[in-house]
Amino acid sequence: MSNDFNTPVIEEFRANHGRVSGMFDGARLILLTTTGARSGRRHTVPLGYLRDRDDRVLVIASAGGSPRHPAWFHNLRADPVVTVEDGAFIYEATAEVLTGAARDDAWARATETSDGWDGYQRRSGRTLPIVALTPIPGPPRFNGTSPGDMLRVVHDAFRRELALIRAEVAASGTALGAQLRINCLSLCSGLHGHHVREDQGMFPALEHADPGLAPTIARLRAEHQTVAELVERLRAALADPDLTRAALIAEVDALTGDLERHLAYEEEALIPVLDGA
1 MSNDFNTPVI
11 EEFRANHGRV
21 SGMFDGARLI
31 LLTTTGARSG
41 RRHTVPLGYL
51 RDRDDRVLVI
61 ASAGGSPRHP
71 AWFHNLRADP
81 VVTVEDGAFI
91 YEATAEVLTG
101 AARDDAWARA
111 TETSDGWDGY
121 QRRSGRTLPI
131 VALTPIPGPP
141 RFNGTSPGDM
151 LRVVHDAFRR
161 ELALIRAEVA
171 ASGTALGAQL
181 RINCLSLCSG
191 LHGHHVREDQ
201 GMFPALEHAD
211 PGLAPTIARL
221 RAEHQTVAEL
231 VERLRAALAD
241 PDLTRAALIA
251 EVDALTGDLE
261 RHLAYEEEAL
271 IPVLDGA
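The opening position of the sequence shown corresponds to residue 1 in UniProt numbering, with each subsequent residue numbered one higher.
If you are wondering where the hints come from, they were derived from the structure by calculation, not from laboratory data.
Quantities reported herein were computed from a predicted structural model and do not represent experimental measurements.
Yeah, the Cβ is synthetic: ideal placement off N, Cα and C, and Gly gets one too.
A hint or two may mislead.
Said to hold, decoys possible - Computed spacing ranges between beta-carbons, pair by pair:
no., residue 1, residue 2, range
1, Pro139, Glu267, 21 to 31 angstroms
2, Pro139, Arg53, 18 to 28 angstroms
3, Glu268, Glu96, 37 to 47 angstroms
4, Thr7, Thr226, 37 to 47 angstroms
From just these sequences and the hints, can you work out the full model?
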């Protein structure tokens, strides 16, 4: 993709915390920043991605079906430390080109979600590289203008992911593929981690600063437990090899309903406190 094409996409992505309209509406996108192999300059491109296990994401060097690998792929082969923006967070990652069975498994999952990848590979006349981006340990940078805004941005990312998963389940037909299951499990893991960090970090700090918040915090902790139980129900359903689309939709809808109510209450109760209103 040309810089003229990428620039407005990057600007819209950053302005809307990962949401882009037009041809990318409803797509999972990241911004990948690499260091130029020859120039040493930083280059940013928008890319579609697949969720993977262990917090990794996968990107495919399709270059729209071009016979040449994209510049970002050459860059990360020369310097595998990259920056990833996912709309809510900005973090450093290590890039690894997948080979052998790992690449085959990732490719099968990619083509399960879209037949466009096969078309790109046929047009390109090359085997499209798949790159795993593994977060480097350390605190990510939040993409928000204030503590309250950061909370809202993270919540909106969960809302959007649930909506995407719901749409994917509805469109899945009779077979529930491996990538759809990974998307669901990644959501479960993300929710669990977010609530643990709130329970162990943000909530005690807020209670210490204002003991009058104790009833609010108690309600939020109880809601976390309810959401955790729904997350475990979803995990258990995903482990069932005979899971049907209808059963999965029911579990996703149950989680969505409770989570939406919880997020709305938490924002109403805590954003004014976090932002000192």
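Hint check:
no., hint, verdict
1, Pro139 with Glu267: 21 to 31 angstroms, "holds, 22 angstroms"
2, Pro139 with Arg53: 18 to 28 angstroms, "holds, 22 angstroms"
3, Glu268 with Glu96: 37 to 47 angstroms, "holds, 42 angstroms"
4, Thr7 with Thr226: 37 to 47 angstroms, "holds, 44 angstroms"
The structure is consistent with each of the numbered hints, conforming to all of them.
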